Amino acid sequence: MDRLKNFIEDFGWPRIIIGIFLLCLFITAPFVGVRVGTSISDTLVRVGMNGVLVLAMVPMVQSGCGLNFGLPLGIIAGLLGATTSVQFGMKGLLGILFAFSIAIPLGLAFGFLYAQILNRVKGEEMMIATYVGFSSVALMCMAWLLLPFSSPVMIWGYGGSGLRTTISTDGFWNHVLSDFMSVQAGSFYFPTGMFLFFVLMLTVVWAFFRTKTGTAMTAVGSNPEFARASGIDVDRMRTISVMLSTALGAIGIIVYQQSFGFIQLYMGPLYMAFPAVAAILLGGASVNKASITNVVVGTFLFQGILTMTPSVINNLIKTDMSEVIRIIVSNGMILYALTRKTRVKR
Amino acid sequence: MSQAPMRIRRFIIRTVLILLLIVLGMAMYNIGREYSVLLDNGTVTIDGREYPVIAYGSLIIDGDERKAIDIWEDDRLLQKLVGTSHTLRVLVLDEDDDSAQKTAERKIEMDFDTREWMISLAAIAGESERILIPNPIYIGEQETAPLDDEIQDDADGIPEF
Amino acid sequence: MMNRLKQFLISNSVPIVFVGLSALAIPISGYSAGYLVQEMITRLARNSFLVLSLLIPIMAGMGLNFGMVLGAMAGQIGLIFAINWSVVGIPGLVLASLISMPIAVFLGFVCGNVLNRAKGREMVTSYILGFFTNGVYQFVVLYAMGNILPVTSPQLILSRGYGIRNAVTLTGLRLALDRAMNFQFKLGDFTVNMPIGTFLLIGVFCLFILWFRGTKLGQDMRAIGQDMAAADSAGIAVERTRVIAIIISTVLAAFGQVIFLQNIGTMNTYNSHEQTGMFSIAALLIGGATISKASISNVFIGVTLFHLMFVVSPTAGKELIGQAQLGEYFRVFVSYGIIAAALVLHAWKRLRERQASRRGLRGETQG
Amino acid sequence: MTLENVVRTDSPPLLKIDGVGKEYFGNKVLEEVSFTLEAGEILGLVGENGAGKSTLMNILFGMPVIARTGGYTGRIEINGREAAFSSPFDAIDAGIGMVHQEFSLLPGFTVTENILLNRESTKYNPLVEVFGERIRALDRADMTKRAKSAISKLEFHIDSNTVAAEMPVGHKQFTEIAREISRDNTKLLVLDEPTAVLTESEAEILIRALRNLAVKGIAMVFISHRLEEVVDLCDKIVVLRDGRVVREAEPKNTDVYQIASWMVGRKIEGDHSRRVDREDTEPILEVSHLWVDMPGETVRDVSFTVQRGEIFGIGGLAGQGKLGIANGIMGLHPAGGKVVFDGKSIPLNDPAHVLKRDMAFVSEDRRGVGLLLDESIDWNIAFTSMQVQGRFLKSYLGGLIQWRDDEAMRDAADRYIELLEIRCTSHRQRAVELSGGNQQKVCLAKAFVIGPKLLFVSEPTRGIDIGAKKLVLDTLKRVNEEQGMTVVVTSSELEELRAVCDRITIVDSGRVSGIRPANCPAEEFGLLMMGAQDIAAAVER
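Protein chains in written order, with the numbering used here: chain A, 522 to 867; chain B, 2 to 162; chain C, 3 to 369; chain D, 979 to 1519.
Chain A extracted, bound-state conformation (with noise of 0.2 Å):
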C-alpha cells in the first residue's frame, strides 16, 4: 500500500484527480454522442499549437526567476516577426522561416531588458512579470497603430493606417508545419509536423540543460548562494534563462498562429501567459523546479481538459460550462502552487 502512497506522494495528488477527471472524458465521450477519433486529434493538434509556449516556461522556472508571468513579451516579438514576414508576403515555409528568424532575435533583445528588471528585484519577480507583461502589451497596441505597415491583407480597410485585430495566414504560412507529413485517417488528423518542430524544440531545451552553462542556471535556480560560491555570475545566468524564455514564447506564439490560422494582435496576448503556466504546473514543475517530462505531461492533460469538457459536458448537461471550467481548473492549479511551502531562499 505504501507503494501507492508514495507514487502518490510523488506525482502529487491535483495531476492524478484531474487526470481521471480527463480520463472519464474520455470514457464517456463516446456514450454522449462525441467522436472519439476526432477529439483526440483536437486534443493533439492543441498540445502542438501550445507545447512550446509551455515549453518557454522551464527556463526560467529552474534559474530561480519564478512562473513567467510576462510571456507577453515574448510573444509580441513572435507577433512582429509574423507581421513583418506577412508584410513582407513570404509564403509557405520559408515565410515561417523568415517569421522565426525576426522573432527569435526581438525575443532575445526584449529578454534582454526585462531580465534586467527581474535581476533587481530578486523575491517579486511574478507580480512584476504580469505588470511588465501587461504594460508591453498595452505599449504595443499603440505601436500596431503606427507600425508603417502596408499590405492590404493587414491594415484597415478605410483608415490606411494600423493593423486589424485578427490577421488571417491563410496563403502565407497557414498550416505549413501541421500539414507536413501529416496523417489524415477518417476523423482522425495528426500534425505530424508541428509535433516534429516540438519534439525538436523540446529536445534543444533538453540539450541546453545539460550542458555546462544549463547546469550552472539549474544550481542557479536549485540554490542562488551555492552558484555564486562556485564562481557563477547569478545574473547572468538569469539573464540568459529570460532571454531563452522570451525567445521561447517567440517562436512559441508563431507556432501557434500557423495552426490557429490568425494572428491575434493589440489585446490578444494579454492573458496568454496564464494557460502556459497553468500548464506547467499540472505538469508536476513547482516554483523553482521544472523539467521536460512536466511540460510534455502538463499540456496533455491541460489541453486534454480544454478539448473534452466542451463536447462531452455539453453534450451531457447541455450547457456550454468548458469557459469556467477553463477558468477553474488552470487558475486553481496556479493557486495550488502558489500555496506550497517552498523555501522562500532570498
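What the hints contain is simulated information worked out from the structure, not anything from laboratory work. Values in this document were obtained by computation on a predicted structure and should not be read as measured data. Ideal Cβ positions, reconstructed from N, Cα and C, are used throughout, including at glycine. Please note that a few of the clues may not be correct.
What the hints assert, rightly or not - Quick partial rundown of chain A residues pointing at chain D, CB under 10 Å, derived from the structure:
#1 703
#2 705
#3 707
#4 708
#5 730
#6 732
#7 734
#8 737
#9 740
#10 743
#11 744
#12 747
#13 749
#14 750
As the list claims (entries may be wrong) - Some chain A residues close to chain D (C-beta under 7 Å, calculated; not the full set):
#15 731
#16 736
#17 746
#18 751
#19 752
#20 753
#21 757
As the list claims (entries may be wrong) - Here are a few chain B residues that sit away from chain C, every Cβ distance over 12 Å (derived from the structure):
#22 31
#23 34
#24 76
#25 117
#26 130
Let chain A serve as the given structure and place chains B, C and D on it in line with the hints.
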C-alpha cells in the same frame, strides 16, 4: 468566573444585531419594492353589477395633484408604484367644463400578483367592493424584449471604466 | 531645507509626473473647465470608496489587495437580488449592500486564509485568487441563478431560462444615492451636479479609517505590517489579524462596488468587477501611495489624477495623431505601466534598504 | 561593587536552578547545572561558545525548541514554586523578561508604541460589545505615561515619541530593556550579550542603568564575553564549560584572568605536539588590512600571513568576525584590503578568479551555501570544478557545445564516497537525504576535486557526530601531509584548532588579538578571545 456572563451578554448582543440587520433588510424590501400595475378603464361587470367606462376623468395617485393623469375611454395605463400601500382617487369630469361630476377614493394594498390582476378604474368610480379584474396579458414579458447578448470576451474588449 | 524638498519630490514623484502629463493633455483635448470639473466630481464620487478599501490591507503589510475583486463580486450578487425583487431607490441599495455583506465576509475569510498560506507572495496569490473566484462566480451567476437560485426577473435572466445577462440596466437604482442630496452650481455655462450623499458616505468611511487606526486592532495591524516576527513574539495573533484585515477590505470593496455601479447605471455582470480591481490600484499608486505605505490623501489625489488622464487622453490622442484609439490604448498602458513601475520601485527600494542597512556595519578601515 | 546582601534565609530564592540537564540527539549539552538568584541580585553567566549558555536561557524562557527536542531534566523554581514553561508567554507571565542581542523593535513605531507592544492601554467603547476587545481605542496619554515611567526606571532619558528607526543603537537597546521592565510583574531580566553592539560609552551608561534596576529589586542574568563588565557589574559569577558549572565565585575574590582560565582551561586530548616548525618555508598567503562586510561576522582590520604547507588556525568567539575572513577572501561578501596569494595579488569580491587560482572553500553554512540540497551527490561534488576548471565536460564542435559527462562525474563521486566513507545509497542520492556528517564529507570532496593549493575550511565539525568529526580532521591532516596542501581552518572549537593546526590566530571584534603556536597553554588563547590584548601582548615572545 467573570468571563461567562460577559461572553453570554456579548453573544446576545451580537445575535440581536444580526436579527436587526435582517429586519432592516426586510423593511427595505417592503419600502423599496416597485410594482408595475395595470389600471384599466373599460366597462366591466363585477359580481353581476356593471360599471360604465369613464368617458373622461383624471386619476390622482397618493394625493399628488401635480401628477394627475387624464383618463380617456378604454385606456389601459401602466403605473410603477413604490411601496405596498397607496391611495387612488378617481375623478369623473364633464367633457366641456372639466368640472368634477364624481370623485371616488380607494386605499389599495399591493398584496396581489400584478401579473395576474389589474385594477379597474370604472369599478373604483362605481364604488365597487372588488376592484381587481383578471389581467389578460403578462406584463413582465412584454415590457422589455429580452436581449440575448452572450458574454463579451474580456480579452479583446477595451476596459471601460 | 533643500534635502527636505528633494525628499518631498522623490516620494511624490509619480503624482507630479501625472500633474505634468495632464497639464499638457488638457489644452490639447480642448475640454471646457466645467465639463472636466463635472467629470472629476462624478468619478471621485464613483471610485473613492473602492480605492479607500485598499488602505487597510496595505496597513497590515499585505500589499495591494488584488483580491478586492472578490468584494466587487459580492456587491454585484447583492445588486442582482435587489434588481430581481425590483426594490428601487435608496432601500434597494441598502438591501443590495446587506445581501453582499455575508458573501463578502465569507470570501474575505477564504482569501485571508489563502494569503496566510502564501506569505511573501500575497499580491500574485490574491491576483490569481481573483481569477479563480471569478470562475466560481461565473458558475454561480451563469448557471445556478434561475434554476437553483431563486432569480426570476425577466430583466435579468437570459432567454434560455437561467443565467444572468451580461449587460443589466439598474433601472430604479441608477443614481439613487447620487441624486439623494444633489447640489447644483454653475461653472461658466455648465451646470455641475455634486452628489452630497455619496461624498457624505465617503467622509464617514474616511472617519472610520482614522478611528480604526487608533484602535488596538488597527495598532496590531500596523505592527504586523512592520515586522511580522516581532509582532508574533509579542503575542499578537498574526494570522487571525491578517484575515480580519482582508475581510474588512473585501466587505468595503463590496459596498464600494454597489456605489460604483449605481453611479454608472449599468452592470456588466462578467467584466466590471475585474476592471474595478486593476483601476482602483492604479489610481491609488498614481496618488503617490507605495505598497507599504498609503494614506487617505493618496486616494483622492490618485483618483483625480488617474481619471483626469483617463478622460483627457483619448481626445488628446485624436488631436495629436488623429487616432482616438491611440488615446484609449495610452490610458490602458498608463494604468498597467504605473502598477508595474510602482512594484519595481518598491522591490528595488527594499533591496537597496537591505544592502544599505548592512553597509552601516562596514569595517572602519576602507583598506 | 558592594551590595550588602540581605540574605533572607527564610523566604525561598527568586530563582533556583537545580540539577538542570539537556541532551540534543545523543550529545550532552547541559549537565547538573545548579545555582540560585535572589531578588535585586545580578548574576554573571560566562562561558565559551557551545558551553550551553543559550540552551540554559532557552530552557528558562520556555522556548518551544526545548520541548520539541525532548524537554530537560532537573527543576527550576521561581519563589519556591516549580516553574515549567511550555511557551515564552508563560515565562513572561511569571515575570521573566528576555533581551536578545539582535533587536526585535518595530522600526516605524515610536518608543512608546514599542515598549507597550501588545500591552497598550485602551479605552472602552460600545462597539466592544459587538466586535470584541480589540476594537477598544488606544489611550495614548496613559501609554506615554507608562512608557515614561518604564524609561525613568533606567534613569536614562529617551524622548518617548521618536521613531525607533531614527534612534542610535544604544537607545534601541534601552528601549528594548524598557519594554521588558515595563511589565509590572517583571522580577527577573535575562540580558544576552547586551553590550556586544554598543560603544564603550554606551556600554558604561547601560551598566549604570542596570545597577539602578538591581537596586529597585529586579534580579538579572547578565551574559557577556566582556569579562571586565561582568566583574564590574555582577554580584556573583557562574562559569559554564562543556555544559557543566565549573566554578561559582564572587567578583571580589577573583579577576579577569582567573575567570578566563576557568572558562578555557582543560586538558587537551590527542597528540598535541605538532611537529616541524614552519618558519623556513616561504609565505603562500599574505593578508593586510582586510575588512569584510559579513552580517554578524564583521571583519574590521585583519592582517596575517600563512606559510606554504602549514595548517593555519583562526579562532575566536562567535560574532567576532573570524568566519568573515574566509568568506571575504573568497569573494562571497563585500570586502577590501590587500591579499597576495602565491606572490600575485588577488582582486577581492570576485569568487570566480579566486577559484581559478586554485583556492577552495568549505563553507560554515553547509545547507545554505555549501550544498545543492535537491541535487544528487555527484552533482554536488563535480559542480564547482566543472564550472571553474571545465572538467567533467565533453566538448563537441570545437568547444562550442560543452556536454555534461555523467560517467566522469559518477566515477569521481564513487571515488570520494569510498575515500571519505560517505554513507549513502548511491551517487544518485540527493544531498538533502544525507546526515550532517556525510553532507560535510560531500562538501570536502567538492573542494578536494579542485585539487586546491590552499583550502579554507570553516566550522568543519559543527553539528556532526563524533565519528565523522574525527574522520574529517584526520582527512585534513592527511591531505596536508601527503599533498602538502595548505589548510586554513576557522573554528570556534579551540580544542579542535589546537589538535590540528600549527599556528592559531585569535580574532576579537573584527581584529587580530594575537597569533600563537598551537602548543601554547589554553589560558593564553582564552585571554586573547576575551579581548585582553594588552596582557597577552606583554607575554608574546
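To see whether the hints hold, each was checked on the structure:
1. Interface hint status for residue 703/A: violated, as the beta-carbon distance to the closest one in chain D is roughly 32 Å, over 10 Å.
2. At about 38 Å, the closest approach between the beta carbon of residue 705/A and any beta carbon in chain D exceeds 10 Å, and the interface hint on this residue is violated.
3. Using the Cβ-Cβ criterion of 10 Å, the hint placing residue 707/A at the interface with chain D is not satisfied: the shortest such distance is roughly 44 Å.
4. Evaluation of the residue 708/A hint against chain D yields a violated restraint, the C-beta minimum of about 43 Å exceeding 10 Å.
5. The beta carbon of residue 730/A comes within 9 Å of a beta carbon in chain D, closer than 10 Å, and the hint placing it at the interface holds.
6. Taking 10 Å as the C-beta cut-off, the interface hint given for residue 732/A holds, the closest approach to chain D being about 6 Å.
7. Because the beta carbon of residue 734/A sits about 8 Å from the nearest beta carbon in chain D, less than 10 Å, this interface hint is met.
8. At its closest, the beta carbon of residue 737/A sits 6 Å from a beta carbon of chain D; the interface hint therefore holds under the 10 Å criterion.
9. Of the supplied interface hints, the one on residue 740/A holds, with its beta-carbon coming within about 6 Å of a beta-carbon of chain D, less than 10 Å.
10. For residue 743/A, the interface hint holds, the least distance from its beta-carbon to any beta-carbon of chain D being 5 Å, beneath 10 Å.
11. With a cut of 10 Å, the hint placing residue 744/A at the interface with chain D holds, because the nearest CB-to-CB distance is about 5 Å.
12. Taking 10 Å as the C-beta contact cut-off toward chain D, the hint placing residue 747/A at the interface holds, the least distance being around 5 Å.
13. Interface restraint check for residue 749/A: the shortest CB-CB distance to chain D comes to about 6 Å, inside 10 Å, so the restraint holds.
14. For residue 750/A, the suggested interface contact is upheld, since its CB lies about 5 Å from the closest CB of chain D, less than 10 Å.
15. Interface restraint check for residue 731/A: the shortest CB-CB distance to chain D comes to about 5 Å, inside 7 Å, so the restraint holds.
16. Proximity of residue 736/A to chain D holds as hinted, the smallest CB-CB distance being about 6 Å (cut-off 7 Å).
17. Because the closest C-beta pair between residue 746/A and chain D is about 4 Å apart, less than 7 Å, the hint holds.
18. Below 7 Å, beta-carbon pairs count as interface contacts, and residue 751/A has one with chain D at about 4 Å; its hint therefore holds.
19. For residue 752/A, the interface hint holds, since its Cβ comes within 7 Å of a Cβ in chain D; the closest pair sits about 3 Å apart.
20. Satisfaction of the interface hint for residue 753/A is found here, the shortest Cβ-Cβ separation to chain D being roughly 6 Å, below the 7 Å cut-off.
21. For residue 757/A, the interface hint is violated, the least distance from its beta-carbon to any beta-carbon of chain D being 11 Å, above 7 Å.
22. Interface exclusion of residue 31/B from chain C breaks down, the closest Cβ pair being 8 Å apart, not more than 12 Å.
23. Annotated as non-interface, residue 34/B brings its C-beta within 12 Å of a C-beta of chain C; the closest such distance is 5 Å.
24. Against chain C, the non-interface label of residue 76/B holds: every CB pair exceeds 12 Å, the least being about 24 Å.
25. Annotated as non-interface, residue 117/B keeps its C-beta farther than 12 Å from every C-beta of chain C; the closest such distance is 15 Å.
26. The non-interface label for residue 130/B is consistent with chain C: the shortest C-beta to C-beta separation is roughly 30 Å, beyond 12 Å.
The earlier numbered hints that this structure contradicts are 1, 2, 3, 4, 21, 22, 23.
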